[in-house]
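**Q** Each chain is listed here by its residues.
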Amino acid sequence: METYYHPPDLGKFAEIGKEAPELWQKFLEWYNAVFKEGALSEREKALIALAVAHAVQCPYCIDAFSTASLEKGSTPEQMTEAVHVAAAIRGGASLVHGVQMRNRIDKLSM
Amino acid sequence: MGFITLANTRNPLADAGTQRATLASLPLARTFEDAAAAAGHAPLRATAISVLQMNLGRRCNQACRHCHVDAGPDRTEVMTPAVVDATLAFLERSDIPTLDITGGAPELHPRFRDIVRRGRAAGRHVMDRCNLTITRLPNYADLPGFLAEHRVEVVASLPSHAARQTDAQRGAGVFEDSIAALERFNELGYGVDGSGLLLNLVTNPVGAFLPAQQAMLEADWKRELRRRHGVSFNRLYTITNMPISRYLQFLMDSGNLQAYMDRLVTAFNPAAVEGLMCRYTLSVGWDGRLYDCDFNQMIELGAAADAPQTIFDATPASLAGRRIVVGPHCFGCTAGAGSSCGGATT
Chain A
1 METYYHPPDL GKFAEIGKEA PELWQKFLEW YNAVFKEGAL SEREKALIAL AVAHAVQCPY
61 CIDAFSTASL EKGSTPEQMT EAVHVAAAIR GGASLVHGVQ MRNRIDKLSM
Chain B
111 MGFITLANTR NPLADAGTQR ATLASLPLAR TFEDAAAAAG HAPLRATAIS VLQMNLGRRC
171 NQACRHCHVD AGPDRTEVMT PAVVDATLAF LERSDIPTLD ITGGAPELHP RFRDIVRRGR
231 AAGRHVMDRC NLTITRLPNY ADLPGFLAEH RVEVVASLPS HAARQTDAQR GAGVFEDSIA
291 ALERFNELGY GVDGSGLLLN LVTNPVGAFL PAQQAMLEAD WKRELRRRHG VSFNRLYTIT
351 NMPISRYLQF LMDSGNLQAY MDRLVTAFNP AAVEGLMCRY TLSVGWDGRL YDCDFNQMIE
411 LGAAADAPQT IFDATPASLA GRRIVVGPHC FGCTAGAGSS CGGATT
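Protein chains in written order, with our numbering: chain A, 1 to 110; chain B, 111 to 456.
In isolation and in its complexed conformation, chain B is listed as follows:
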């Protein structure tokens, strides 16, 4: 079976260097460094780490058209046991309050449940970035129950409350499966007031435009998902699509790349710089390399040269205050209301 991953189709953009060069070649009105400096951040620096984000690998049961990870069923990269152990040890000897588990579909990792248990045993808030459809696979039907048992926050991707837009981005039949998964999470108490089980949804625009205002969309989504499908959730996070991997390919194929980048630059919001997630996140790749965010990870922009480069060398103190490595893609997190793994930032 052929999948649309850049890696599988031998697309030049499978190479992170080609992606960086493509973005660097675009004539933009200003650099991100200049924009951040004008907002009082010259250079942009990290604060203390409050989120440790583990990217368990590129394997996924889906192959979404906008995926910045270029994840898919044909990808083989998964976090090695040594990196899992080192990252958990790093978490346990730190006071980082949140463990954010992502992928790919992170639940496909053989040690996913072990990671969750260790994170919770260490008293940390644990988040699972879940594509919903993974819970519909026969071997993963008990996953929602496991997540509920360990009080894991579920952050689930769903680009639209309408089937056509969702399937256009994520594949045929994904919407129907996603609704069935949400029903199961609701049965367990997820997304139900008073349960304490958080079910938050993430929406990325289905195309070359910026997300709508988060609070307004959240009200629409709650009404429509309740009315049409009888499902509920806690918060809706809007995330701007990043010009990386398959979304970059989409922008190029559709002739939208320059206009989209111009839009991001024009929509630069100085107020969004302060809350940029890279300032409080440490992103760990499947091979143990360290990054300021998951987007930098995918275009292989490692942590600043004077900071530790792998989880094996890292201490929280040695990473605090590090210079954040930036590029043109960073305008994606400062456009409009700002964007992060936790939605709008302003």
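Isolated chain A (complex conformation):
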């Protein structure tokens, strides 16, 4: 079945660098530095990435950071809670815009 997303495409990520190798190299160095242990542990960073992957709905990232989270020692329970954080922020982000709606209602209403 033809779909826009293909799991093997994750393995071809580096092909993006073919037309712009310097930019790809800069991205790769920055990306790798981001996920190194710092003030946050590698495990915490992988969980954040997992949550963001769900927020931006990137299937490649979800696969990659589900594996990474398990390999950094996170449990399925912790990973599920991270997804709930992403979902709560997405849901809350929609809901908080209701204030803008109410502002508009107030402005237009008697």
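Hints listed in this document are in silico derivations from the structure and should not be mistaken for laboratory results. Because the structure is a prediction, the values reported are computed rather than measured. Glycine included, C-beta positions come from ideal geometry on N, C-alpha and C. Warning: the hint list may mix true and false statements.
To give a feel for the contact side, a few chain A residues facing chain B, derived at Cβ under 8 Å [to be verified]:
(1) T67
(2) L70
(3) K72
(4) H97
Following the hints, complete the assembly by docking chain B onto the known chain A.
**A** Okay, now just chain B, sitting in the frame of chain A:
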């Protein structure tokens, strides 16, 4: 009662040759020989033997889903008396400092306690690779006391500090029994600072992924097992699952085999080659055959052809420096931080 062993279910993977052929058929980016050579080991060779590992057989009271031994209650292979005697004689005339006893559940062997006593009488450090639940069987309730009396290091399997993951890998109710066993070991002083009685835990990932960083996990485990269950231990060893026997079957059934092998190859760590356990271990099978490690034993990759093939012909000198027999599965011991029966190697 039906058990999930490959042997009992007449699974083609019960045959070691089928396992080797399955692994050999996978397209991998490089061979292990090439990877080891690039790390300065062409070919990979043994150093002196510092660990004599006796695999007392395939019998076990559990049938874990990841077991590379394909052990279970229905397996009948146990080390013969002649092999036990020859192996102990080999140990006693050598200066090998450590006797590592494994299985199956090695404690089920009728001469397990005799082996422990002989090893200790010879002044050797003795390790028992214990599944914990064996100590909950009525006939083995005194086992922890016996091990403590003889100052045996207990290396106990526990994949997770959570019940669900542990039971998913090792069977329903195993976690609860394991905690009860750990409580008993703690009562005897095992895993308690200053007692000198070592209780080390081994965790294998519950799935098709690599283990987490050992030191970080150890801190988590100590905190969680203490907080939730009031039990303590000395060290946590992370061990990468090997694509052998039932874990190989799991990888195939779940559609993860190629991706897992690619992951192992990609994660090859040249620094892990130097400390590979096969370089300092001699593995003795239940029938007396010699192997470079327990994993090679299970896929019947015997010691190099120019080395002694059985414990009856062996001398430590004739095995030192032997060429290590390798295959695609060896990438399991060099992935990431490296893996061995004693945990991470780098």
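**Q** Now tell me if each hint is right for this structure.
**A** Evaluation of the provided hints:
Interface restraint check for A:T67: the shortest CB-CB distance to chain B comes to about 6 Å, inside 8 Å, so the restraint holds. Residue-level restraint check for A:L70 holds (minimum Cβ-Cβ distance to chain B is 5 Å; threshold 8 Å). Look at A:K72: its Cβ gets to within about 5 Å of chain B, closer than 8 Å, so that hint holds up. Proximity of A:H97 to chain B is violated relative to the hint, the smallest CB-CB distance being about 38 Å (cut-off 8 Å).
Taken one by one, the earlier hints fail for this structure only at number 4.
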